[in-house]
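**Student:** Each chain, letter by letter, is given below.
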Amino acid sequence: MFETLSGRFSGVFDKLRGRGALSEADVAEAMREVRLAMLDADVALPVVKDFVNKVRERAVGQEVLDSISPGQAVAKIVNDALIDALGGAGAVPLNLNNAAPIPILMVGLQGSGKTTTSGKIALRLQTRERRRVLLASLDVQRPAAQLQLQQLAERARVASLPIVPGQTPVQIAQRAIETGRREGFDVVILDTAGRLSIDEALMEEVRQIRAATNPAETLLVVDAMTGQDAVNTAKAFNEAVGVSGVVMTRMDGDARGGAALSMRAITGAPIKLTGSGEKLEALEEFHPERVAGRILGLGDIAGLVEKASETLDHEESEKLALKMLRGKFDLDDYASQLRQIQKMGSIGGILDMLPGMGKLKGQLDESKLDTSVFKRHQAIISSMTKQERRTPDIIKASRKKRIAAGSGATVQEVNRLLKQFDDMSTMMKRINKLGAKGLMRQGLSALMPKGAMPPQRPH
Amino acid sequence: MALGFFSRLKEGLSRSTQKLGGNLSAVFTRRRLDDAALDELEEVLIAADLGPAVAGRVIESFRSSRFGAEVTDAEVRDALSAEIARVLEPVAVPFTPDPARRPHVVLVVGVNGTGKTTTIGKMALQFGRQGLRTILVAGDTFRAAAVEQLQIWGERVGAPVIAGPPNADAAGLAFEALKKGRAEGADLLLIDTAGRLHNKGALMEELAKIIRVMRKFDETAPHSVLLVLDATTGQNAIEQVRVFKELVAVTGLVVTKLDGSARGGIVVALADQFKLPVHAVGVGEQAEDLRPFSAADYARGLVGEGLKLHSGAVVEQGED
Ligand SMILES: Nc1nc2c(ncn2[C@@H]2O[C@H](COP(=O)(O)OP(=O)(O)OP(=O)(O)O)[C@@H](O)[C@H]2O)c(=O)[nH]1
Ligand SMILES: Nc1nc2c(ncn2[C@@H]2O[C@H](COP(=O)(O)OP(=O)(O)OP(=O)(O)O)[C@@H](O)[C@H]2O)c(=O)[nH]1
Ligand SMILES: [Mg+2]
Ligand SMILES: [Mg+2]
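Those protein sequence lines, which keep their order, are chains A and B. Numbering-wise (the UniProt record's numbering), the first sequence opens with residue 1 and increments by one. Numbering-wise (the UniProt record's numbering), the second sequence opens with residue 1 and increments by one.
Treat the hints with care, as some may be off.
To be verified - Where chain B lies over chain A, by a calculated footprint (3+ residues, C-beta under 8 Å): (1) 76-86; (2) 194-204; (3) 254-261; (4) 378-390.
Just so you know, these hints were derived from the structure itself, not from any lab. Computed from a predicted model, the values in this text were never measured in an experiment. Note that the Cβ used here is the ideal one computed from N, Cα and C, for glycine as well.
Given these sequences and hints, build the entire structure.
**Tutor:** As structure tokens, this is what we get:
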């Protein structure tokens, strides 16, 4: 695994001790790390260059206030610029202001998630916005593609256009709009076949579909794992059909998701939605501040907290969030976290949202992602005294033996748990240190009720 | 110095556009492979998804043998592809079903949408043509119309498809299919599975269960576990391979969608790190669009037929 930017930065930043204006040399070194981190995160090379140049210009000569270190100053500039480049604060909603039936056109490469996302958007518009939605598949290429959308429509309890074999995509599109008009649908979602950006014939086809339907939204659906090719895809689709919004799918994976930045930079279109699973409910708004953290390798703490608060007892997760933010949670918290993690499903997914968890994840893999590890940890913790749980530092050899015996574990297992816990708290502290000065603030404060933010500590 | 790097690149770019009238002249122009030129080549590799670390390593070893050499674009192209082909050569291993196994059981796995089902259709055609009795198993019981998709492929390529009821247990289905394949004397059993992200523990455990259950019938099964990778994937492919390999003992890779603009450079990093055989590449959506993996061709594709150096000191202007 690659080192995270936070790790890299702390190295660079340690050397940045000067006061006054940031020098060209200081900034250059930090920018080299930013460049690498972004390339590792799959941001496309031309986009990286452009971003780094802009940030360098912004940073050189910047006065560093006495209250923060130069490192923090650079980190803040980088993070702010990245959030800006990803679209700034606030999600951009789908444009549904046209006269009904409003066509939404879904385009993208093969397998990027167009059909699934069509179903997700239909479900959302129907349940949240009370719109009548018609789903239509224009995919005459892939085997059973139309059937796939029809089945998704049934799952979502949304109407789908009857399948008529032998029609061309343009004919299906026209029939969909007519049906939408005749039957009083508010929105018609047009799912298209996957196509390569260099496939002239298919790109011409989608141009015609667009011309025939005049969609209010043309959504480019992109896999969050996409590498450098994001540039070609973004350019080709934007030139052919004019992308009005981007959907990033598979954000539930552990890809760093640099393609989001490439897409945004090249199409200029906002990222409107993200896919976070295969189920039809797994569609979310795009949060630039979280994806910025992910691209820079700082982890998606805010996302974790939100996911937790959806699944878990709300109060509990807020407490957890606060403690995490303060870098001050004890073994009791860890145990309660373990209990809750089991409720949240994918452990790997949760760990991926935490920076620096690669090691812990590695250990999980060895045990085949077996939740029994967590059960054992819970057992071990429950054999500790209250005092031991609050201040794990006091657990020395004889206590370890007692705890091991009490929980049916070996002393090595107890050691391993303590080590893991220690790594985890160190990391939380580091996030906290970087975070309080801006990195995490936007993400977390957006999630917290007023007054729940911890007081800003002086530096 | 990072600053120098960028300004050199810009300088190089403007110099080349000024000095060299057209692309044609570039073919005849010899340039010195200096730092600027090597930086430019490194960027070509990064843009092909090799990743900054591996791209850096390839260029370092290239530098050690060629630094300061006077070369044309065509020579650079050849030499750089040769350098990459060296890394790929050991993993270019075709997929050959073991005739002693009846059937040779292949479990096809990967993250969502990479091309597993399509690749199974393509393989069925290829091995069916070689006279192998091939059976397809619709082990994706989860995704909408996944079974129907494989059934259509079966019809297209003339291979029988074993499917269960909707939401059937994939492990149970695989077990039954293996029994049936054995009874019918099949040569090849290609088992489709639902796409799953490697970081989803529960889904990965399901895959491990398919293997465990099949082993109750034949402890040598599956004989191959093929991981299907999408060439558009960036650095995350490394995690995909690492986790799938660890949890379900992947034996080989298939790289799809190489007919697109993605260069699939991550395969170089994978070859370097995991040394897993790359059996085949997908180059289209049709049944015929499966090709053996050739290290030399792949490397050429990565570097790009149109590679042109913009920077590097011009040492001699050929006649136009
Ligand atoms: N984990 C995860 N899987 C997703 C997501 N979105 C889609 N998928 C899965 O990705 C695979 C491909 O999705 P499709 O919707 O069929 O993709 P498509 O773009 O319509 O594919 P083509 O029509 O063949 O081009 C399916 O297995 C989906 O379940 C997501 O956000 N997360
Ligand atoms: N251009 C191109 N498209 C491909 C290739 N291989 C597969 N596809 C397309 O990619 C899309 C997804 O392929 P599938 O075979 O359904 O992928 P999968 O891995 O089975 O997907 P899930 O089962 O949903 O995880 C389809 O539109 C295929 O036609 C290839 O080599 N080139
Ligand atoms: Mg589709
Ligand atoms: Mg499939």
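**Student:** Tell me the numbers of any earlier hints that the structure contravenes, in ascending order.
**Tutor:** 1 and 4
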